[in-house]
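Peer 1: Listed below are the residues making up each chain.
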Amino acid sequence: MFLLSFLIIFPAVSAVILLLVRSDSLRNIIVKSSSFMLFGGSLVLLGKNYTWSVQSFKVYSYPADKAIFYIALLLAGYIFYTGIRYKRPFTVILILLQAAFLSWFEFFYGRRNPTEYSLFMDDLSVMMAMVVGVIGGLICFYSLGHMKELYEKSDKAVKDNRHFFFFVIFIFLSAMYGVVFSNNLQWLYFFWEITTVCSFLLIGYDRTPQARNNAFRALEINLLGGLFFLFAIIYLYFSCGITDLDKLMNSPKITVMAPVAMILFAGLIKSAQLPFTSWLVGAMVAPVPASALLHASTMVKAGTYLMLRMAVILEHTAVGYFLALVGAVTFVACALIAASERQAKRVLAYSTVSNLGMIVLCAGVGTYEAMWAAMLLIIFHAVAKSLLFLSVGVVEQKMGVLDIEYMSGMILRMPRTAIMLQAGMAGMFLAPFGMLIGKWATLRALVDYNPALAIFVIFGSSITVFYWVKWMGKLITVERPYANLEGGIALSEWMPLYGLAVLSVGISLFFPLICSIFIEPYLMEIYGRTVRLSYDNILIMSLMLGVALLFPFSFIKYGRGVRVTGAYLGGANAASPTEFRSRGLSVKNMQMKNYYLEGYFGEKKIYRLSILICAALIILMLGVSWSTIILF
Amino acid sequence: MVNNHPILTVILWLILAPFLGGLLVGIERKISARMQARVGPPVAQPFYDVLKLMRKENLVVRKSQNFYIQFFLAFIIFTAVLFFSGENILLVIFSLTLAEIFLVLGAYKASSPYSFLGAERELIQMASYEPAYIISGIGMYMAAKSFYIRDIVSFNRPLALYLPGVLFAFIFIMAMKFRKSPFDLSTSAHAHQELVKGVTTEFSGRTLALIEIAHWYDIVITLGFVYLFFAGNIKIAVAAAISAYLLIILIDNTFARLRWQAALKSCWFTALVFGAANLIVLFYILG
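Chains as they are written, first to last, in our numbering: chain Z, 205 to 836; chain S, 50 to 336.
The shape of chain Z in the complex, shown without the other chains (with noise of 0.2 Å):
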């Protein structure tokens, strides 16, 4: 009880400490130490859940309740103020709507208050407690050096944001520990929203008219979701008397279709699922520590947290055939985007919401199968992804470039980043790391179920293999001589580079201890069963990783028994190794292009088709809710 009051509270008043601090050293070491705290904090809270299993907690909720509808009424009114000054108009309805529902069921919730436990935690919340606190605390600790950088090449007419910038990711990492062990729904919709405002601000941190557009564009649609949240808050009060997440869990399907189909539009727009992916999309104008934190490997996680605890409801519902082929749609989709992207940036975010898309598909199908390949899906995708998010950080700042096709020889510019960024992207797709796991995970679940949805699993992945392959390609080929530019990179972005690289391989490698600490025990709770590891695939498994993890010890024979020569090229090659005399004598320069393919998976190509059928879908979802509930 404490320690979940703790881990909530303590980062909001290391937040407002940092807003008010404007010294750089000062900053560091608030920073430094409040991000051991929540490795601390996380550590405890892995011992305690060892011992504890499922707990809920009675909070003397009155004050804190009272607390919570008054700072919502504040940020709405920010909100309100901020729509009004930049004349937002969606802004300002979506926010007066909102207000207006909240107080008017603040009006009678707040005299009878059937809330019984207001926080809880169980596996999944630890799990999810462990990813923000670990992922989190490594982030803020590359924060600090990148956003000294950003503000030194910045024009220094920009006023210095930065202690604006921590104050917002530690609100943020309060709000999600708050998403995380909140059983009240009401708390955990309050939790949500902020997550939203802090989103908005952080993409907004640039202050340019992109930024600014793109941070209202995100801010409009998760408003949206909100909005249907506060709806289902206020449909389960009045029709069934539900304001708990536990007892929700627990009802039977039939009388809580409705409000649940309007929690998993707001799960799925937090998630940035099909058809609401370009809010993800645009916020990576945001600084990059912000998005590898909120927009790869935690907030857009919530929205997954959110469906995934209604997962045991949607097992054989419509409802739940409907979310997994929105997942399912969005899988392949992205992925087919991704692979016709070369904007760094740009593949990821859309390779994050393809990998989300999965997990959604996880959470529709709702057997103990795919729960426990989401929940694998989500650790390994926070790790992979956080660790690409970091490195291509750190190459934006030293090479200034995000353009895929300008990272060749990357492996001699920058080669520890190279092998940092490698490392993230076999963890993202390739056997025997994280990511293929959950896919091999997700495959099987999908078997027993319906392999229908299989067919989209399989699709999509080997167009995933693509993508990543091209990347990873590009960054080793050689075409010239280059310059080291890893100079000035410090240690506290070094040093969460290397810990997320370790933790990617690491869980990669202990992966069953994850499955028994957290997963097996959670599905043991909910369904009764579980899902038990081969120990022969295990072995396989780590036997792969054993002889992949040798590759870099072949560079001991580094260029013995060899001759080097110039690569062939069709002509007579000139003074250059890259360079070749063709026709009529002139000479040419070689130069070697990935294949995108805009032509065939452009987003102009996939995207507004698959953002028919998703949206079609998810109507079908609502409506199938209301009426009677199919048993397939």
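I should point out that these hints are in silico values taken from the structure, not numbers from a laboratory. Be careful, since some hints might not be right.
Stated by the list, open to error - Among the chain S residues that face chain Z by a calculated CB cut under 8 Å, a handful are: (1) 120; (2) 136; (3) 172; (4) 191; (5) 250.
Claimed, not checked - When the alpha-carbon atoms are kept at most 25 Å apart in a straight line, the in silico DSS-like pairs for lysine-lysine are as follows: (6) 236(Z) x 357(Z); (7) 352(Z) x 363(Z); (8) 284(S) x 761(Z); (9) 291(Z) x 451(Z); (10) 112(S) x 797(Z); (11) 357(Z) x 602(Z); (12) 236(Z) x 352(Z); (13) 194(S) x 284(S); (14) 808(Z) x 236(Z); (15) 797(Z) x 194(S); (16) 252(Z) x 451(Z); (17) 761(Z) x 112(S); (18) 457(Z) x 270(Z); (19) 761(Z) x 105(S); (20) 284(S) x 809(Z); (21) 808(Z) x 797(Z); (22) 246(S) x 101(S); (23) 79(S) x 101(S); (24) 363(Z) x 602(Z); (25) 112(S) x 101(S); (26) 674(Z) x 457(Z); (27) 797(Z) x 674(Z); (28) 246(S) x 314(S); (29) 797(Z) x 809(Z); (30) 674(Z) x 246(S); (31) 314(S) x 808(Z); (32) 792(Z) x 246(S); (33) 112(S) x 674(Z); (34) 602(Z) x 352(Z); (35) 246(S) x 797(Z); (36) 797(Z) x 602(Z); (37) 314(S) x 674(Z).
As the list claims (entries may be wrong) - Stretch by stretch, here's where chain Z covers chain S in the computed footprint (C-beta under 8 Å, at least three residues): (38) 67 to 78; (39) 122 to 132; (40) 148 to 160.
Positions of the beta carbon are idealized from the N, C-alpha and C atoms, including for glycine.
Once you have looked at the hints, place chain S on chain Z.
Peer 2: Only chain S this time, still in chain Z's reference frame:
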């Protein structure tokens, strides 16, 4: 495939597989030659080629390019171990993908325009054939109720009866694995102007020999998949694998190379229309 001495069987297969693969390549060259009214090289020519390559100088463009090929071969052999010891079929497919990726990365590392082009096309080929592989694995699981190859092999009825569409989709992509027309986009047995030797352009000497040996393993594993479709009866299964191979040779000699767009589209089309549809029908039949 698995009897009283599983470890011995695996070792035996590991030694035997490259010889079988090399022999198949030799036979293929002979048959192709006869189809083109040539005499053709002796059946053992692939072995002579590899032995000769072993003694040649190892030329490289980038000093680390050969390491990727060594791991390509290592993981192909790893895949073969998994396959012949009857492990999980999806794991076999994933391991095969990992091996292929080392080949592709090696081609990228070589940093020559032709191997770069080959690598890009190899990736498109992988995206084209991967669905058919996984659909085959899943189809076998649905019919035989196990992901383990040892259980699939001992399943008493031919899986092809349950999975005709899947089998068709698998045979369709086989030409890609054998690097045969119409799908020899990334590298091929014969040099072509627009491609030179694609993926393998910049590899020479021993390293090229390793690629060849890996290819032999690959051929045997791929034909092993065909075998699994008929595993109920050994004679029929072997006959099926041989017929599939002959069919690929025939197609190789009658078709011109397709563009990658056509390759990708046709492979996905067959995987969806025959493979996936087969799975869905099977799911509802088996209940």
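Peer 1: Looking back at the numbered hints, which does the structure fail to meet, lowest number first?
Peer 2: Hints 8, 9, 14, 15, 18, 20, 26 and 38 contradicted; others consistent.
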